[in-house]
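Chemist: In the order they appear, the protein sequences are chains A and B.
Residue numbering for the first sequence follows this note's numbering, starting at 2 and increasing by one per position.
Residue numbering for the second sequence follows this note's numbering, starting at 3 and increasing by one per position.
The reader is advised that the hints may include incorrect statements.
Stated by the list, open to error - Quick list of the computed label-pair ranges, beta carbon to beta carbon:
(1) Leu50/A <-> Leu180/B: 30 to 36 Å
(2) Gln39/B <-> Asp93/A: 27 to 33 Å
(3) Leu94/A <-> Ser124/B: 27 to 33 Å
(4) Leu180/B <-> Ala108/A: 43 to 49 Å
(5) Ser124/B <-> Cys168/A: 42 to 48 Å
(6) Ser41/A <-> Asp125/B: 27 to 33 Å
(7) Glu90/A <-> Gln165/B: 39 to 45 Å
(8) Ala164/B <-> Cys168/A: 43 to 49 Å
To be verified - Going by beta-carbon spacing under 8 Å, a handful of chain A positions derived as facing chain B:
(9) Val62
(10) Asn70
(11) Tyr130
None of these hints come from the bench; they were simulated from the model.
Don't be surprised by glycine CBs; every beta carbon is placed ideally from N, CA and C.
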Amino acid sequence: MRKIQCPITEEVRRTLKMGEQVALSGVIYTARDAAHKRLSEMIRKKEPLPFDLKDAVIYYVGPTQTPPNAVFGSAGPTTSSRMDSYTPELLDLGLGAMIGKGYRSPAVKEAICRNHAVYFVALGGAGAYLGQCVVKAECIAFEDLESEAIRRLEVVDLPVFVGIDCCGQDIYDE
Amino acid sequence: MREISVEKIREAVEKMCGEIAFVYPKDVLQRLEKGAQREDTPRAQGALQILLKNAEIARDKHIPICQDTGMAVVWLKIGQEVHFVEGSLQEAIQEGVRQAYRNQYLRNSVVDDPLFERKNTSDNTPAVIYTEIVDGDRVEIEVAAKGFGSENMSRIQMCKPAQGRQGVVDFVLETIRLAGPNACPPMVVGVGIGGTFDYAAVLAKKALLRPLDQRHAIEEYARLEEELLERANQLNIGPLGLKGKCSVLAVNIEHFPTHIAGMPVAVNINCHVLRHDKVVL
Ligand code: SF4
Chain A
2 MRKIQCPITE EVRRTLKMGE QVALSGVIYT ARDAAHKRLS EMIRKKEPLP FDLKDAVIYY
62 VGPTQTPPNA VFGSAGPTTS SRMDSYTPEL LDLGLGAMIG KGYRSPAVKE AICRNHAVYF
122 VALGGAGAYL GQCVVKAECI AFEDLESEAI RRLEVVDLPV FVGIDCCGQD IYDE
Chain B
3 MREISVEKIR EAVEKMCGEI AFVYPKDVLQ RLEKGAQRED TPRAQGALQI LLKNAEIARD
63 KHIPICQDTG MAVVWLKIGQ EVHFVEGSLQ EAIQEGVRQA YRNQYLRNSV VDDPLFERKN
123 TSDNTPAVIY TEIVDGDRVE IEVAAKGFGS ENMSRIQMCK PAQGRQGVVD FVLETIRLAG
183 PNACPPMVVG VGIGGTFDYA AVLAKKALLR PLDQRHAIEE YARLEEELLE RANQLNIGPL
243 GLKGKCSVLA VNIEHFPTHI AGMPVAVNIN CHVLRHDKVV L
C-alpha cells in the first residue's frame, strides 16, 4: 500500500488514481456539519481560519469522547454529502483533500478537478480501527461543538481509498 | 400486582446501552464473516477484513465499533399487572441512557431543537421511547442505538394496493440502491408493510430487532425476504459501496393489517453496526 504524507502537495495529489488504496500519515483536521457552517461564516466575514487550508486534509468525523489515558476515541468517517454545499469554496481557498464516505455533488467534483484536489473514502463503521491510527489529538477550535469541534490530528497509516481523483474519476461511478 | 422499582429499569437501560456500542451481535458478525468468504475482488475483501478487524479491536480494547454511537431507541413491553415504584419510569430510562453515554465515553449525538438552534444536549438524551401494554406481570426492555448515516437513507411510500408484491419489491430495492455507500453497507434492511403512514415506519424499525437468521413466520413473507436479499446483493453496491456481492446482510419484514384503500411500505435502513439487546424483568 502506498504511503502518503499529509498535508498533500498538488504534485502528489496529481499522482493519486481513483480506486487506489493508500495509507495516510501526518497532520489532518477534523470538521463536520457544524464546523463547516462556522468556517463558511468566517470566510464570509473575512476572519482568519483556525488552520491553514493550503494543501490541508479535512477528515469528516465526529469522534466519540476520549476516555482517560487514551489518545482518541472511535473515529470513522461520516457522510460527506452533507458538507457538499460548503466544499467548493474551501477547495478554491487551497484545501487539498477530504476524507469521508459516500457520494459527492457535481459541484464538488468540478471544484476537485479545478484545484487538482482529491476525495478519499474511508471505511464507514470501522471507527475503532481508524481511531487507533491517531497518535496525537488536539482541539484547536469550536470546543463548544463537542464532538463536532475542529481537532488537529496526527495520524499514522490511516487506510483510505481514492474516491475521486484530481481528474474527477469517481469510485462510485465505476 | 407486581411492583418493579424504576431503578431496575435504569440499570438495565444503562447496561445495555453501554454494551451494544462495543460488541456486534453474533448473527451480524457471522454474516460479515460469510460475506468476506464470498467476495472475490481484493478491494471488497479488504474492506470486509478491516470491518472484522475493527470488530476485534472494539471488543478487546473497549472502543466503540463506530463513532456514531447512535440515538437510543427504547422499546418497552409492560405487563398490565406491573406497578412501577420509586420514581418516574420515563426519567429512569433517560437517566440510564445518560449514564451509559457518559460513563462509557460514547458520542453525544442528539440536538435539542431539530430545526432552529440544534444545540447538543450533551448527554445523548432524550431517547425515543415506545411502550406497549401486554398481558402478564413482566417487563421486556429492548434497547437499540440507531446511527444516522443509514437512518437518513430510509424511506416510506404510500403504495397503492394494486401495486402488490411487485410494488414492494421495486420500492425496497430502489431504496437500497439509493442508500448505496452513504448507509455504510453491508446493510440490514427493515421493512414495514401495512398499518398507517406512521405505523409502517415503526414496523420497519421493529423488523430490525429480529435475529437475522429468523425468517418471517408466514411462508409468503419469508420468501419475499429471501428474494429481496438475493436481488439486493445483485445490485453490486458491495461493502462500503466499493462494489461487490456483500451489500445487504438480511431483509426483515414486519406486517400489520391496513385500510382497504392503502398499502404503506416503510424501509428502515441500518448499517452493519446493528446494535440492540433486550432483557426481561
Ligand atoms: S451509518 Fe452506521 S456504520 Fe455508518 S457511521 Fe452511522 S452508525 Fe456508523
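Chemist: Can you name, in rising order, the numbers of the hints this structure does not satisfy?
Modeler: Violated: hints 2, 4 and 10.
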